[in-house]
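Undergrad: Following the hints, position chain S against chain E.
Number of protein chains: 2
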Amino acid sequence: MPRYRLLIAYDGTDFHGWQRQEPPDREPLRTVQGVLEEAVAVVTGSRVPVVGASRTDAGVHAIGQVAAFTSETRVPVEKLPLAINARLPADVRVRAAALAHDRFDPISDCVSKCYRYTIRHSDRGLGGEDLFVRRTIWNTWHRLDADAMRSTAAALVGTHDFAAFAQVNHGRESTVRTIHGCTVLSPSPGLAVLEVAGSGFLYNMVRIIAGTLVEAGRGKLGAEDVRRALTTGDRTVTGPTLPPHGLRLEWVRYGATET
Amino acid sequence: MPRYRLLIAYDGTDFHGWQRQEPPDREPLRTVQGVLEEAVAVVTGSRVPVVGASRTDAGVHAIGQVAAFTSETRVPVEKLPLAINARLPADVRVRAAALAHDRFDPISDCVSKCYRYTIRHSDRGLGGEDLFVRRTIWNTWHRLDADAMRSTAAALVGTHDFAAFAQVNHGRESTVRTIHGCTVLSPSPGLAVLEVAGSGFLYNMVRIIAGTLVEAGRGKLGAEDVRRALTTGDRTVTGPTLPPHGLRLEWVRYGATET
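Chains as they are written, first to last, in the numbering used here: chain E, 1 to 259; chain S, 260 to 518.
Here chain E stands alone, though its shape is the one from the complex (with noise of 0.2 Å):
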């Protein structure tokens, strides 16, 4: 049967976070997976599971979520990301569409993905043009020197184990993972832009990367903190869990077969 890839973007700000949630006891709580599967159910005509690449969590964006599924709809692919929009809230788009060998698998087949986060520091707060996308940008009064996250951020590239970087209770076996590249932009004065691509990441990785990058541009710690922190596999030593609603999901790619 035919399998098809989606290329989705949401506002995760309505969002109880990607995965479906339906309590015994309750209502279904409004997921993006779960909003999706009953768009793709009227348009396809048979209830099947859209398996997401990330499941990212409540608050979190994404912009270049990859999800799955199987049908044998009579749709043409091309004419899908219509089909399904018009069934979907404004919060949740797909972007394209596009078939996928037969077993595709978004999650075990990635082969790296990039997350983002945005960060304002002003002692102003989200005024002007922040107002309008203050869903997606995390405010801190302090003042962050670029140059210092940009310096602490290199020291955690590479192989290691991040087990410093996990929300204590993540549930993995193992805990190291690969940081392709961790940089810090600063596209206007005052704002701070976290790019972090890897091949995948821990439980809250990514808002504790971010946490202590904010750390280190207000100099309370640096590149060798980094360091033993990722030695020793101390928690305490690394910065807190900045919220979610800074993050959002950039792109994740697949092995040649898939691209």
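If you are wondering where the hints come from, they were derived from the structure by calculation, not from laboratory data.
Yeah, the Cβ is synthetic: ideal placement off N, Cα and C, and Gly gets one too.
Among these hints, one or two may not hold up.
Dumping the calculated SDA-like pairs for lysine to any residue here, alpha-carbon to alpha-carbon at most 25 Å [unchecked claim]:
#1 S/Lys338 <-> E/Thr140
#2 S/Lys338 <-> S/Asp350
#3 S/Lys338 <-> E/His142
#4 S/Lys338 <-> E/Lys79
#5 E/Lys79 <-> S/Ser381
Label-pair ranges, simulated between beta-carbon atoms [to be verified]:
#6 S/Asp406 <-> E/Pro189: 47 to 55 Å
#7 E/Asp161 <-> S/Glu286: 49 to 57 Å
#8 E/Ser186 <-> S/Thr490: 51 to 59 Å
#9 S/Pro502 <-> E/Ser112: 34 to 42 Å
TA: Relative to chain E, chain S alone:
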């Protein structure tokens, strides 16, 4: 008593417009003026009217609204934005505060103001980055010709009778207004930003101008039709009233004594 002038931004999505509305038989509606007067009362210790330059409609945004109030507060003027913002919901912000002359009237002292209307014209709808600003962009599925919009916009500039660009029952005696400038920007493919500056505007005037320029962009009317509408006052010649959420008050200007 000292009079204060505030520069204000708000996301109009969740407000019933600027003007305070207290229906006798039910709860007051959530308005920008309402939440501002409440915050100013807490900060200054007395409940006073906060008068805005423009009574924007439900759903309309502002980044440069000007408002004024009179108070004997002992809070220093430079601390007012922070103090008031601490009492305001996240969708309205005081950007600046200054002392004004005793009888400063934000409405009648106004020399000119400028509105912006933002349009995505794309056969793919509001996907990708647009998703995160969808509450401030109006989407049309028709392709628009920016040059045709510009030549039609030019016919609006000057002092004219704008009866054909006002909602019927606008409640104003004179429909003569002066448009200082009307420009159509194309910052990126598929995006059209209209900016209209003038001495004052009739009810729904900017949204009807935007609707008329969209018709021009589709080749449905041109500068000749606009000239005819200005001469005849015929509302059926002009375009539809576009929805409020694409509209934003950009700035309000005052004379030499108030700058």
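Undergrad: Please flag the earlier hints that this structure goes against, numbers listed from lowest up.
TA: Hints 4 and 6 not satisfied by this model.
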